[in-house]
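Using the sequences provided together with the hints, build the complete structure.
So the protein sequences, as listed, match chains A and B.
Heads up: the first sequence begins at 20 in my numbering, then just goes up one per residue.
Heads up: the second sequence begins at 46 in my numbering, then just goes up one per residue.
No lab work stands behind these hints: they were computed from the structure.
These numbers come from a predicted model, not from an experiment.
The C-beta atom is built at its ideal place from N, Cα and C for all residues, glycine as well.
Treat the hints with care, since some could be wrong.
Distance condition first, Cα-Cα at most 35 Å in a straight line; then the derived DSBU-like pairs of lysine-lysine [to be verified]:
id: 1; chain 1: B; residue 1: K121; chain 2: A; residue 2: K60
id: 2; chain 1: B; residue 1: K121; chain 2: B; residue 2: K181
id: 3; chain 1: B; residue 1: K96; chain 2: A; residue 2: K60
id: 4; chain 1: A; residue 1: K60; chain 2: B; residue 2: K83
id: 5; chain 1: B; residue 1: K121; chain 2: B; residue 2: K174
id: 6; chain 1: B; residue 1: K181; chain 2: B; residue 2: K263
One-sided excerpt, in silico: chain B residues whose CB lies under 7 Å from chain A [to be verified]:
id: 7; residue: S204
id: 8; residue: F207
id: 9; residue: G211
id: 10; residue: G215
id: 11; residue: G217
id: 12; residue: V254
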Amino acid sequence: MIEFSPGTIEMIIRSVSVIAAGLALIAGVGPGIGMGYAAGKATSGVRRQPEARGAIVTTMLLGQIISGSTGIYSLVIAIYLVFA
Amino acid sequence: MNPGPQTITHLFGKSYLPVTDTLIIGWVSVILIIILAKYLTSDLKLRPEGKQNIAELFITAVYDQIEPMIEGEGWKFLPFIATIFIYIGFSNLIGLVPGVPSPTADLNTTLGLALVVFLVSHFEGMRDKGIWGYIKSFGQPVIFLLPLNVVGELAKPISHSFRLFGNIVGGGIIITLIYQAAPGLIPVPLHAWFDLFIGLIQALIFGMVAIAYIAVAKQ
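Laid out in structure tokens, this is it:
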């Protein structure tokens, strides 16, 4: 069993939390795919029915906002890990 | 980098009444907004010209967002939603001034605004359906979903506030990193994206989500 000094433990915790912050941002992949999919569907919807553009854009934005929340959670956790 | 809100002074010398820079800049932006609104709406005419056009354009744009989602009550919610739009948009833009942190880069500001929206939406839901009818609506469609609905309701102000906070703080951190890596004129165009575009889009989104939460609670 190796004995670590408190300074070394502090350093390990800091470095691991920075790595964990990087890993937490992997969660940004999901919202990116989902929001892009919603935008693509909305684009084809506008092409089919150009007069319904306002309603389609509003609905798309709301859906993207809700699905983008997970990305924001991961960003906040990453910020917390870096500055903790 | 982004050290968070700094305590400038203490109110009445009490240690439990700190005055942070967020508070001061928030109040300064409120006063600036009041002066701007007074200037834009002074000397109103039936046939608008000049600065009155700007004010009418903005009010009509906000009204067109509210009316399709809360039918028939667009004028009732216009002051509340327009205030959110103006205050958040102005707070995000004031971060462009060098050395001035944006008030929305502090979780206290965004959580406060989100809690106001939370209270308004529940109050409107209760006024529309009656207190007992509103409480019963949490047990829909089956009573077993009651805890799930309550947790979902409590998660709303959290995600609402963290969305604005995360976007503004994240943009600020990225700009600070690029200032350290490449000082000079290189990071200047990034302000156009992170402060102007993201700032205004987030103000729009915060207001639209507020409308959506109120509309969901009322139906």
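Results of checking the hints against the structure:
1. K121(B) <-> K60(A): The hint holds at about 33 Å.
2. K121(B) <-> K181(B): holds (26 Å)
3. K96(B) <-> K60(A): violated (39 Å)
4. K60(A) <-> K83(B): violated (43 Å)
5. K121(B) <-> K174(B): The given pair, whose Cα atoms are some 18 Å apart, holds under the 35 Å limit.
6. K181(B) <-> K263(B): Distance ~13 Å between K181(B) and K263(B) Cα, so the pair holds.
7. S204: Constraint on S204(B) satisfied, holds at 4 Å.
8. F207: Cβ of F207(B) sits 5 Å from chain A, so the hint holds.
9. G211: holds (4 Å)
10. G215: holds (6 Å)
11. G217: Interface hint status for G217(B): violated (11 Å vs cutoff 7 Å).
12. V254: holds (6 Å)
Checked against the numbered hints listed earlier, the structure breaks hints 3, 4 and 11; every other hint is satisfied.
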